[in-house]
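Chemist: Here are the chains, one letter per residue:
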Amino acid sequence: MPFEEKITWVNAVVTVVVPIAYFAIMLGRLGDTSAADIAYQKPLLIAIGASIVLTIIGAILTGIGSGISAELRGRRAEDEIDRKDERDKTISRHGDLIGYYVASAGMVGVLALTMLEYEYFWIANTLYLSFVVATLVASVVKLVAYHRGF
Amino acid sequence: MGKPTRVTNRIRALRFAAGEMTQADLADRVGVTRQTVIAIEQGRYSPSLEMAFQIARAFNVPLDDVFQYPKEK
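Residue numbers (our numbering), protein chains in the order written: chain C, 1 to 150; chain G, 1 to 73.
Think of the hints as simulated: they come from the structure by calculation, not from any bench. Even glycine gets a Cβ: it sits at the ideal position worked out from N, Cα and C. Warning: the hint list may mix true and false statements.
Said to hold, decoys possible - Listed next, the stretches of chain G that the computed footprint assigns to chain C, with coverage defined by at least 3 CB atoms under 8 Å from CB atoms of chain C:
1. 6-17
2. 35-42
Stated by the list, open to error - Mimicking EDC-like on lysine to aspartate or glutamate, the simulated pairs with C-alpha atoms at most 20 Å apart in a straight line are:
3. Lys89(C) <-> Glu78(C)
4. Lys6(C) <-> Glu119(C)
5. Lys42(C) <-> Asp96(C)
6. Lys84(C) <-> Glu5(C)
7. Lys6(C) <-> Glu71(C)
8. Lys89(C) <-> Glu41(G)
9. Lys84(C) <-> Asp65(G)
10. Lys42(C) <-> Asp32(C)
11. Lys6(C) <-> Glu117(C)
12. Lys84(C) <-> Glu72(G)
13. Lys89(C) <-> Glu50(G)
14. Lys84(C) <-> Glu41(G)
15. Lys84(C) <-> Asp32(C)
16. Lys89(C) <-> Glu20(G)
17. Lys84(C) <-> Glu71(C)
18. Lys84(C) <-> Glu4(C)
19. Lys89(C) <-> Asp32(C)
20. Lys84(C) <-> Glu50(G)
21. Lys42(C) <-> Glu86(C)
22. Lys6(C) <-> Glu86(C)
23. Lys89(C) <-> Glu71(C)
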């Protein structure tokens with residue numbers, strides 16, 4: 001598996017795990033509090049921060065693991081980790097473009113909620129969800145491209 | 001995903017003719033991942049012109065000994 005594909009897997013897993021935890025907490029709070037009274041700001045910032053930190057840690061661990069695995073197979077670690085070729089870049093651009101379309105569609109929803117004067121809670125969380133779904137779709141498109149060909 | 005390529009290649013045959021060169025060896029020579037060599041060999045990815053020349057150079061043959069494009073019917 002190319003190193004870039006491994007990093008895409010890390011992104012995909014973090015993009016699923018962190019938002020699930022965040023939205024589970026938010027949905028729990030929605031059960032007994034009105035949206036206007038929910039203090040979503042801190043958990044949302046923590047979720048965003050956690051995604052960034054976990055992605056970095058995941059990438060570092062993947063790099064270390066790939067390096068050790070390469071050395072054990074008699075290959076240089078740098079060849080395994082540093083090698084990003086034109087196919088990796090093409091797949092990455094393709095996935096990011098599809099993700100951009102998804103995020104754009106989400107932004108239309110956010111715009112509609114703003115115009116309809118929904119609570120900030122709904123606007124902020126729809127915005128976050130849009131980015132989450134866009135990132136996840138981009139990752140899935142990249143992983144499919146790696147396996148089915150591009 | 002992407003449109004299937006009409007470009008065919010003889011990379012596999014050329015690797016065997018070149019002392020059973022492995023996909024990893026070819027990838028190292030061209031500076032790409034082994035998975036990219038596999039994808040090109042299986043016709044799942046069309047390389048850029050520059051990479052195509054690098055592959056041909058790795059085998060020391062002209063470009064059209066490696067890649068072929070069918071004539072229009």
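Chemist: Now, for every hint given, state plainly whether the structure supports it.
Modeler: Status of the hints after comparison with the structure:
{"no.": "1", "hint": "6-17", "result": "violated (count 0)"}
{"no.": "2", "hint": "35-42", "result": "holds (count 4)"}
{"no.": "3", "hint": "Lys89(C) <-> Glu78(C)", "result": "holds (18 Å)"}
{"no.": "4", "hint": "Lys6(C) <-> Glu119(C)", "result": "violated (39 Å)"}
{"no.": "5", "hint": "Lys42(C) <-> Asp96(C)", "result": "violated (28 Å)"}
{"no.": "6", "hint": "Lys84(C) <-> Glu5(C)", "result": "holds (10 Å)"}
{"no.": "7", "hint": "Lys6(C) <-> Glu71(C)", "result": "holds (17 Å)"}
{"no.": "8", "hint": "Lys89(C) <-> Glu41(G)", "result": "holds (19 Å)"}
{"no.": "9", "hint": "Lys84(C) <-> Asp65(G)", "result": "violated (27 Å)"}
{"no.": "10", "hint": "Lys42(C) <-> Asp32(C)", "result": "holds (19 Å)"}
{"no.": "11", "hint": "Lys6(C) <-> Glu117(C)", "result": "violated (42 Å)"}
{"no.": "12", "hint": "Lys84(C) <-> Glu72(G)", "result": "violated (35 Å)"}
{"no.": "13", "hint": "Lys89(C) <-> Glu50(G)", "result": "holds (15 Å)"}
{"no.": "14", "hint": "Lys84(C) <-> Glu41(G)", "result": "holds (18 Å)"}
{"no.": "15", "hint": "Lys84(C) <-> Asp32(C)", "result": "violated (50 Å)"}
{"no.": "16", "hint": "Lys89(C) <-> Glu20(G)", "result": "violated (29 Å)"}
{"no.": "17", "hint": "Lys84(C) <-> Glu71(C)", "result": "holds (18 Å)"}
{"no.": "18", "hint": "Lys84(C) <-> Glu4(C)", "result": "holds (7 Å)"}
{"no.": "19", "hint": "Lys89(C) <-> Asp32(C)", "result": "violated (47 Å)"}
{"no.": "20", "hint": "Lys84(C) <-> Glu50(G)", "result": "holds (15 Å)"}
{"no.": "21", "hint": "Lys42(C) <-> Glu86(C)", "result": "violated (40 Å)"}
{"no.": "22", "hint": "Lys6(C) <-> Glu86(C)", "result": "holds (17 Å)"}
{"no.": "23", "hint": "Lys89(C) <-> Glu71(C)", "result": "violated (25 Å)"}
Going through the hint list in order, the structure does not satisfy hints 1, 4, 5, 9, 11, 12, 15, 16, 19, 21, 23.
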